[in-house]
Amino acid sequence: MYETMLTVVGNIASDPIRRRVGEHELIKFRVASNSRRRTADGSWETGNSLFITVNCWDKLVTGVGASLSKGLPVIVVGHVFTSEYEDKDGVRRSSVEMRAKAVGPDLARCAARVEKIIAAGPENPPAAAQDEAADDPDSAEAEADVDDGMALTA
1 MYETMLTVVG NIASDPIRRR VGEHELIKFR VASNSRRRTA DGSWETGNSL FITVNCWDKL
61 VTGVGASLSK GLPVIVVGHV FTSEYEDKDG VRRSSVEMRA KAVGPDLARC AARVEKIIAA
121 GPENPPAAAQ DEAADDPDSA EAEADVDDGM ALTA
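First residue of the sequence shown? That's 1 in UniProt numbering, and the numbers climb one at a time after it.
Careful: at least some of the hints might be erroneous.
As the list claims (entries may be wrong) - DEER-style ranges, computed between Cβ atoms:
no., residue 1, residue 2, range
1, R38, K116, 18 to 24 Å
2, E84, D41, 40 to 46 Å
3, W57, V114, 49 to 55 Å
4, I17, H79, 16 to 22 Å
5, R36, R113, 26 to 32 Å
It is worth saying that the hints were derived from the structure and are not from the lab.
All figures in this text were calculated on a predicted structure; none of them were measured in a lab.
For glycine and all other residues, C-beta sits at the position ideal for the given N, C-alpha and C.
Turn these sequences into a full structure, and let the hints guide you.
Listed below in structure tokens is the structure:
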């Protein structure tokens, strides 16, 4: 099966909605992408708009949920498809949707601080466990090393 890959640059037009679908997490939001062009007199003219529903699954949910909200400029890359449904009046409708592969802030139109998410595992305990260890005065991880008068924590 061929899937159409598309990049959409726009603004988040709805509040992201997070929910669980079976064993997976989903966060959904709409993106509005508006075209503009400069007219002969130098002013800007608004063109057509694209509204697309973006579906983020599993690993994307954490980053999108913690970082993005309505109104922010984003760049979304993913597979595009048409979803067909019947509205409340029984009329058959369709909407354009995207299963996102990557979502991020549009740094040409905003500033962002990036934090890497490290998966929990045997080598990396969950953040809550690290916080508890840091609060425990008997923990070796909570001890500070002193080097040239500066305190360093592990």
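These are the hints, each one checked on the structure:
1. The beta-carbon spacing between R38 and K116, approximately 39 Å, falls outside the hinted interval of 18 to 24 Å.
2. Judged by the Cβ atoms, the range 40 to 46 Å given for E84 and D41 holds: they are separated by roughly 43 Å.
3. For W57 and V114, the Cβ-Cβ distance of about 21 Å falls outside the hinted range of 49 to 55 Å, so the restraint is violated.
4. Checked against the hint of 16 to 22 Å, the C-beta distance between I17 and H79 comes to roughly 20 Å, which is consistent with it.
5. For R36 and R113, the Cβ-Cβ distance of about 29 Å falls inside the hinted range of 26 to 32 Å, so the restraint holds.
Hints 1 and 3, counting from the list given before, are not met by this structure.
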